[in-house]
Amino acid sequence: MIANYGYKDGSGEYYISIDTDKCIGCTADRACLTACPKQMFEIITDDYDDEVAWIKKPNCRTLAYDCADCKPSGGYTSLPCMTACTPGAIKHSW
Amino acid sequence: MNAEVTAAPTAPEKKEFWRWQENVWVDETKDWKTAKIITCGIDVGSVSSQAVLVVDGELYGYNSMRTGNNSPDSAKNALQGVMDKCGMKLEDIHFVVGTGYGRVNVPFAHKAITEIACHARGANYMGGNGVRTILDMGGQDCKAIHCDEKGKVTNFLMNDKCAAGTGRGMEVISDLMQIPIAELGPRSFDIDSDVEAVSSVCVVFAKSEALGLLKAGYTKNKVIAAYCQAMAERVVSLLERIGVEEGFFITGGIAKNPGVVKRIEKLLGIKAMDTKIDSQIAGALGAALFGYTLQAKKAA
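Quick note, the sequences are listed as chains X and R, same order.
Under my numbering, think of the first position of the first sequence as 13, with each following residue one higher.
Under my numbering, think of the first position of the second sequence as 1210, with each following residue one higher.
One or more hints might be untrue.
[Claimed, not checked] Here are the in silico distance ranges between beta carbons for each label pair:
1. X:ASP21 with R:VAL1233: 24 to 32 Å
2. X:PRO84 with R:ASP1401: 30 to 38 Å
3. R:ASP1401 with X:GLY24: 31 to 39 Å
4. X:ALA40 with R:LYS1242: 53 to 61 Å
Read the hints as simulated data drawn from the structure, not as lab findings.
Beta carbons are placed, not taken as given, at the ideal position from N, Cα and C, and that holds for glycine.
Turn these sequences into a full structure, and let the hints steer you where they fit.
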């Protein structure tokens, strides 16, 4: 399952996608939990009883601001969450 | 001075144009007393609450009503309404699943499941196993969901940060135009020529813009059409983010508004699947079906 967390508003689309098929049985030892400086990731049991990561609810509505530190306007080459997630489950839409 | 003082005229009774039809329905052809498994799904949404009864895996009855200011009471009232209609008691129900915005506040629920999974399961029941893309236009959020032939979610996204493209936005326009909400859709087609969508993406600004259009000489129908077009464009952009597959199904209250549905279909080039079941109960129906599966597993 591809779970998209975030929002679209007048300023743009801000979604973090988590591919739960790659997240189940994580081979990166849940590195996303500590990699994110804002600690936005959390492990939950989803509706199909799988243990997967998601974005904490309050962060889903403030992603553009929460991720700003990792995305400086001068540009960036990598993001801590995506680098830590070696199975490649995490993607950003912006 | 001998001024005559007269009482101020009483304010006219305020009509609630936004108020949509609340429904209670029970399938009179079935007898729940002979059933092996009775389950219930309660969807406590931000605007409406539904209680659905499923008897041996089949839809038996439902109650759809407005959510009050207290989620547990809304859940109780919704369930009580349908139980009263068929003479059932809470003890007769084997499994209750709560869903929606207030799912954790359903005091008698055995389990809480997200509305995303429940809408997919409900749409699968209502539209058949050909349903692949679901658009849920709820009271205060909008969800785009992909599911497989069993109604299991494969991709989803949700927008609950802004009320544009939601039922609440339509209620605001209904009140502003002073036209009952059920008439907005049909009236949006009663225009001479196509109109451009209201440009604002925010409900509050869209309301101001609609007022401006009225002052500029637009008819009410043209303003409604401009708003329906804006809602359609808004949700289509959401749908396009996850892609639209054949087997397109719309749930939620806005599915009853042809002014929005027809415009979405036109923008996507796909016709939404038809159903005879109230589109507003999809989440609660899915919750009750999840309950049926869980109870059947438990009983096996």
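Looking back at the hints listed earlier, which ones does the structure fail to meet?
1 and 2
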